[in-house]
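Peer 1: Chain residues, written in single-letter form:
2 protein chains.
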Amino acid sequence: MKLSKNNLDQRLSHLYDAIVVGGGAGGLSAAIYLQRYRLDCLAIEKGRGRSFWMQDLRNYLGLPPDTAGRTMLQQGEKHFLSLNGDYLRGYVEEVSDEGETFAVKVKVGKKDSIYRVFRSKYLIAASGIIDHLPQLPDMQNVYDYAGYNLHVCMICDGYEMSDKNCGLFVGSESAINTAFVLNWFTPYITVFTQGLFAVGMEMRQKLAEHGYPLVEQPIKRFLGHNHEMTGVELADGSTVELETGLVAMGSHYHNEYLQGLDLEWQGHNLVTYDMCRTSHPRLFALGDLKVGINQVSIAVADGTLAATAIWRDIRRASQARRWEEKIEDYGAVS
Amino acid sequence: MKLSKNNLDQRLSHLYDAIVVGGGAGGLSAAIYLQRYRLDCLAIEKGRGRSFWMQDLRNYLGLPPDTAGRTMLQQGEKHFLSLNGDYLRGYVEEVSDEGETFAVKVKVGKKDSIYRVFRSKYLIAASGIIDHLPQLPDMQNVYDYAGYNLHVCMICDGYEMSDKNCGLFVGSESAINTAFVLNWFTPYITVFTQGLFAVGMEMRQKLAEHGYPLVEQPIKRFLGHNHEMTGVELADGSTVELETGLVAMGSHYHNEYLQGLDLEWQGHNLVTYDMCRTSHPRLFALGDLKVGINQVSIAVADGTLAATAIWRDIRRASQARRWEEKIEDYGAVS
Numbered sequence: 288m289k290l291s292k293n294n295l296d297q298r299l300s301h302l303y304d305a306i307v308v309g310g311g312a313g314g315l316s317a318a319i320y321l322q323r324y325r326l327d328c329l330a331i332e333k334g335r336g337r338s339f340w341m342q343d344l345r346n347y348l349g350l351p352p353d354t355a356g357r358t359m360l361q362q363g364e365k366h367f368l369s370l371n372g373d374y375l376r377g378y379v380e381e382v383s384d385e386g387e388t389f390a391v392k393v394k395v396g397k398k399d400s401i402y403r404v405f406r407s408k409y410l411i412a413a414s415g416i417i418d419h420l421p422q423l424p425d426m427q428n429v430y431d432y433a434g435y436n437l438h439v440c441m442i443c444d445g446y447e448m449s450d451k452n453c454g455l456f457v458g459s460e461s462a463i464n465t466a467f468v469l470n471w472f473t474p475y476i477t478v479f480t481q482g483l484f485a486v487g488m489e490m491r492q493k494l495a496e497h498g499y500p501l502v503e504q505p506i507k508r509f510l511g512h513n514h515e516m517t518g519v520e521l522a523d524g525s526t527v528e529l530e531t532g533l534v535a536m537g538s539h540y541h542n543e544y545l546q547g548l549d550l551e552w553q554g555h556n557l558v559t560y561d562m563c564r565t566s567h568p569r570l571f572a573l574g575d576l577k578v579g580i581n582q583v584s585i586a587v588a589d590g591t592l593a594a595t596a597i598w599r600d601i602r603r604a605s606q607a608r609r610w611e612e613k614i615e616d617y618g619a620v621s
Numbered sequence: 288m289k290l291s292k293n294n295l296d297q298r299l300s301h302l303y304d305a306i307v308v309g310g311g312a313g314g315l316s317a318a319i320y321l322q323r324y325r326l327d328c329l330a331i332e333k334g335r336g337r338s339f340w341m342q343d344l345r346n347y348l349g350l351p352p353d354t355a356g357r358t359m360l361q362q363g364e365k366h367f368l369s370l371n372g373d374y375l376r377g378y379v380e381e382v383s384d385e386g387e388t389f390a391v392k393v394k395v396g397k398k399d400s401i402y403r404v405f406r407s408k409y410l411i412a413a414s415g416i417i418d419h420l421p422q423l424p425d426m427q428n429v430y431d432y433a434g435y436n437l438h439v440c441m442i443c444d445g446y447e448m449s450d451k452n453c454g455l456f457v458g459s460e461s462a463i464n465t466a467f468v469l470n471w472f473t474p475y476i477t478v479f480t481q482g483l484f485a486v487g488m489e490m491r492q493k494l495a496e497h498g499y500p501l502v503e504q505p506i507k508r509f510l511g512h513n514h515e516m517t518g519v520e521l522a523d524g525s526t527v528e529l530e531t532g533l534v535a536m537g538s539h540y541h542n543e544y545l546q547g548l549d550l551e552w553q554g555h556n557l558v559t560y561d562m563c564r565t566s567h568p569r570l571f572a573l574g575d576l577k578v579g580i581n582q583v584s585i586a587v588a589d590g591t592l593a594a595t596a597i598w599r600d601i602r603r604a605s606q607a608r609r610w611e612e613k614i615e616d617y618g619a620v621s
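Respectively, the protein sequence lines represent chains A and B. Per our numbering, the first sequence starts with residue 288, numbered consecutively. Per our numbering, the second sequence starts with residue 288, numbered consecutively.
Calculated from the structure, these hints are not laboratory results. All values derive from a computational prediction rather than experimental measurement. Keep in mind that the hints are not guaranteed to be accurate.
For identical chains, the list gives no copy identity; a pair is met inside one copy or between any two copies.
Claimed, not checked - The list that follows gives simulated cross-link-like pairs (lysine-lysine, DSBU-like), each with its CA atoms no further than 30 Å apart:
id : residue 1 : residue 2
1  : 451       : 365
2  : 408       : 394
3  : 289       : 451
4  : 398       : 507
5  : 392       : 365
6  : 292       : 507
7  : 451       : 397
8  : 451       : 394
9  : 394       : 507
10 : 451       : 493
11 : 451       : 392
12 : 451       : 408
13 : 394       : 292
14 : 333       : 392
15 : 333       : 451
16 : 333       : 398
17 : 392       : 493
18 : 365       : 397
19 : 493       : 289
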């Protein structure tokens, strides 16, 4: 059921089979599978994750390519609730390993917040990432275009940028190398650094050899209308016309709550082994948070794998059910 | 475009980047990704694969749980065609490795069949499996219930069998062990061997200990109406009441066309490495055909991985595009 400040206290003494941190594509897939394995699961979603912002989910089998990310998430939440899963809007602040259980501390409510601790045998970290965007004085101007024709994922939207005049917005010199992959889709690339860092001679030369202009002035604002970005206005008042853009400024990883645990990392990504299990045997990581390709399809399959592994663990540790032992509420969600 | 006997000769001298054998969940996902990577792809579908028969796709994120498998496949085919992919109804008879290319021999048309050879740089084997069903004199009687409440996949439909009186239909003694996993979902299991094989004393004892009856008579027919199976009638005219069933009689693997190639197998499954690549560097395997869990979500993600690996290979072997080199049809599907 849907938990809120009003009813969550009912669940404080309950031991969940699994708590899923994150109600994006990976987390919802895991949560649906867990309930269907007759395990009981609490999914905790802070809201406004990466797939929530996708205007068009162009490459996920079964949904029309103009389906919004949030439509998929709403369907998944409804699906999970129909299976009697518990769903809570909240922000996971801290997870501690108590040996056999995890204690998951959640902040609920942005105003008059309350803090509560839920417990589970297994934890699924599916809290994902969010892309850094250019920081302009008027952020609404950025949000007007981000997720429309100002893209954040080349695999998702490279096709939409095909042979278009494209701005590449970067926050570090190494990110400029994105241009030399993006040129598979379009060679009409202008690189914008916003003056955030110095560009070395070797990179300048490489860009020049490819014919990709480098713009190092701060950006005043994006130009365009109706969510269609048509260029940028620079600090000196000059403008650069564009037809599309790719932001490659890195991402924020929603992994703060895991910092107290002893886990294996590769940069900001969690390292996982068979079935998305991390170096901690009762902790799984899915989707963008783990090492791998950041795609909805991958996160959804990761959810399948983690839920299946948890089911196998719990099932193998359980008594076999004989025909005689008819226990009415066995495995059911209370 | 949609190929048929009338227009396929246009493509006989064309070298595809990839040919995808199988238009199920994995194959269509791969094909959509390939086209979006600006590669060109032929998908060949023989029709009536495993997901085509699914009445309800109960665990795939984003689609309502009562979505039929064929609805997902139709959406995927439409999606792929909208990206200018080539789609052919046909049966792949043989694949031969010509060193840099694969030659794929296809039979088109069940009546007045014609045989043609298409060529590609990469091959994606996504032809899947089909479940063996009980062989009864009237097969329509089996088809009336298979995919409804006579299930073939425990992970998909175990939840639907929860605490129901369930028939387990097996074709070998080892398959009887399915009962000792199925009992997670329901302990009310009756095992039907149809007299196809002898059951050893140890297994008889194990079944008896669990309270699971063993029925060794041939089955005359399934009972029920309106796609709801309610029991079986046995050879001696007696009946056994059931509320649901699971067929665990193994599967036919659609891999005959691969037999001439030097590939690594694990039983009937193809062994794959990173990104679903088989032991052959230009051949990928997806979904049920490869080692792993047979789920739509897994096949869809496999398609993402294989297409991405092929794109990386081809991109890295290509010339970088400079701004000056505006080539109008670069990478486009001709």
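Peer 1: Give a verdict on every hint.
Peer 2: Against the structure, the hints:
Taking the shortest alpha-carbon separations for residue 451 and residue 365, only the inter-copy value of 25 Å comes in at or below 30 Å, while the best intra-copy value is 38 Å. Proximity of residue 408 to residue 394 under the C-alpha cut-off of 30 Å is restricted to the intra-copy arrangement: shortest distance 20 Å within a copy versus 53 Å between copies. In this assembly of identical chains, the alpha carbons of residue 289 and residue 451 lie at most 30 Å apart only when taken from different copies (28 Å versus 45 Å within one copy). In this assembly of identical chains, the alpha carbons of residue 398 and residue 507 never lie at most 30 Å apart, being 33 Å within a copy and 67 Å across copies at closest.
In this homomeric assembly, residue 392 and residue 365 come within 30 Å of each other (Cα to Cα) only inside a single copy, at 25 Å, whereas the closest approach across copies is 45 Å. In this assembly of identical chains, the alpha carbons of residue 292 and residue 507 never lie at most 30 Å apart, being 42 Å within a copy and 58 Å across copies at closest. Taking the shortest Cα distances, residue 451 and residue 397 never come within 30 Å of each other, neither inside one copy (41 Å) nor across copies (45 Å). For the identical chains of this complex, residue 451 and residue 394 are neighbours neither inside a copy (44 Å) nor across copies (40 Å), given an alpha-carbon limit of 30 Å.
For the homomeric pair residue 394 and residue 507, neither the shortest alpha-carbon distance inside one copy (36 Å) nor that between copies (61 Å) is at most 30 Å. Taking the shortest Cα distances, residue 451 and residue 493 sit within 30 Å of each other inside one copy (21 Å), while across copies they are farther apart (67 Å). Within a single copy, residue 451 and residue 392 get their C-alpha atoms no closer than 47 Å, and across copies no closer than 38 Å, so neither meets the 30 Å cut-off. Taking the shortest alpha-carbon separations for residue 451 and residue 408, only the inter-copy value of 28 Å comes in at or below 30 Å, while the best intra-copy value is 50 Å.
Proximity of residue 394 and residue 292 under a CA criterion of 30 Å is satisfied intra-copy only: 10 Å inside one chain copy versus 63 Å between copies. Taking the closest pair of Cα atoms, residue 333 and residue 392 come within 30 Å of each other only inside a single copy of the chain (13 Å); across copies the shortest separation is 52 Å, beyond that limit. For a Cα distance limit of 30 Å, the shortest separation of residue 333 from residue 451 qualifies neither inside one copy, at 36 Å, nor across copies, at 38 Å. In the homo-oligomer, the alpha carbons of residue 333 and residue 398 lie at most 30 Å apart inside one protomer (14 Å), although the nearest pairing across protomers, at 57 Å, exceeds that limit.
Taking CA atoms no more than 30 Å apart as the test, residue 392 paired with residue 493 passes in neither setting, with 49 Å inside one copy and 45 Å between copies. Taking identical chains as interchangeable, the C-alpha atoms of residue 365 and residue 397 lie at most 30 Å apart only when both belong to the same chain, with a minimum of 23 Å there against 43 Å between chains. Neither within a single protomer nor between protomers do residue 493 and residue 289 lie at most 30 Å apart by alpha-carbon distance, with minima of 54 Å and 43 Å respectively.
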